[in-house]
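Going line by line, the protein sequences match chains E and D. For the numbering used here, add 671 to where a residue sits in the first sequence, where the first one is 1. For the numbering used here, add 778 to where a residue sits in the second sequence, where the first one is 1.
These aren't lab readings, by the way, just hints derived from the structure by calculation. Keep in mind it's a predicted model, so treat the numbers as computed, not measured. Idealized CB from N, CA, C, for every residue including glycine. Worth double-checking, as some hints may not be accurate.
Reference listing, derived: stretches of chain D covered by chain E, where coverage requires no fewer than 3 residues with Cβ under 8 angstroms from a Cβ of chain E [claimed, not checked]:
1. 818-831
2. 873-887
3. 897-904
4. 925-935
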Amino acid sequence: MLDTRAARVATLAILTAALLWLCARFATLPPDTGAGNFPNAGNLLSDYDALVGREVLLTGTVVSTDPAVLEIARGGRVMRLVLRDLAASPAVGDRVQVHGTVRPGRVVEVIDAVVVPRSGLRYAWSVSFLAGLWVLGRLVRFWRIDPGRFAVVARSRPLAPASATLRNWLRRVIDRG
Amino acid sequence: MVDLLAHALFAYAACTLLGVRVAWIGPRYVTVGMAGAFVPDLSKLRLVVPESLVREAIGLPFAWGGLHTAGGSLVSIAIGVVLVEPGERRRVAAMLAIGAASHLLADAMLRTATGYSGHLLWPFVPTALPTPGLYLSTEPWPTLVAAGLAVGVRVIARHGRGVEG
Chain E
672 MLDTRAARVA TLAILTAALL WLCARFATLP PDTGAGNFPN AGNLLSDYDA
722 LVGREVLLTG TVVSTDPAVL EIARGGRVMR LVLRDLAASP AVGDRVQVHG
772 TVRPGRVVEV IDAVVVPRSG LRYAWSVSFL AGLWVLGRLV RFWRIDPGRF
822 AVVARSRPLA PASATLRNWL RRVIDRG
Chain D
779 MVDLLAHALF AYAACTLLGV RVAWIGPRYV TVGMAGAFVP DLSKLRLVVP
829 ESLVREAIGL PFAWGGLHTA GGSLVSIAIG VVLVEPGERR RVAAMLAIGA
879 ASHLLADAML RTATGYSGHL LWPFVPTALP TPGLYLSTEP WPTLVAAGLA
929 VGVRVIARHG RGVEG
């Protein structure tokens, strides 16, 4: 089963369609605050007035402080909101996740907020990049792509780990020099 | 999300520990488990391909967040399994699933503004789940804990292999 290239390509097409369908269904999950599913930035950008008085969950960037102003964006649309009753003191550029109640006049009354400073984001992205390199290196060491079979196959002999390759290279450099 | 390094380390620890009991789980398959830990974060493709672009292309609503769920992860894993040679599919499926599950479990404990962690088990569980709110996504200490676990498990695994001879 699924041994031929044609069968695998057909199965991949079906699975990709299934994935797109799942993401389409996910996009239309109705906001239901009782289930922990709050209207989000996209809902607010689509119809602000309909959400006045309702709780929302927004993620955006602080564009000014005192008062804190959060900028949300989705699909090319942008909106700035004043955050009232924010206990934290974010700096400009910080990312903030806000759970709050929408009030008239582009104001959100904050119930709770999580502030992610820019340094935290830089840390997360940097170590995530390193993790990607580490796992990719291990994958290359133990697996390879066989274009003829249109498959990922296990190497019969794993490549030497990067540390061993680096050690050998350094030894060669030292011996030459 | 917790940073990807923490996810990779948690998966490494879980898979290496399993390998103490299950003989075929060696470095090759531990690596697959670590790759599985990245699967739910395929939702980060939204940074490269805007949702609006996909919506226009397929003519349907679309949210990359669907990939950061149990259902999205399962279908993504199935895609990976189809791409692997036939003799390896069961093992690869198992290891990818362990890795993806470890990612969702770690994210289920993130601190959020609502006290809910998101639809991690969707569509099997249709609601968002409450979270104990143990850490922020950008705090380094989960990564330190994961690194400590990974080192400890590596020592246990090596000792286990040494005892067996």
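Each hint, compared with the structure:
1. 818-831: Check passed, 3 qualifying residues.
2. 873-887: violated (count 0)
3. 897-904: Contact hint for the stretch 897-904 of chain D vs chain E: holds, 4 residues under 8 angstroms.
4. 925-935: violated (count 0)
Figure legend: structure checked against the earlier numbered hints; hints not met, in rising order: 2 and 4.
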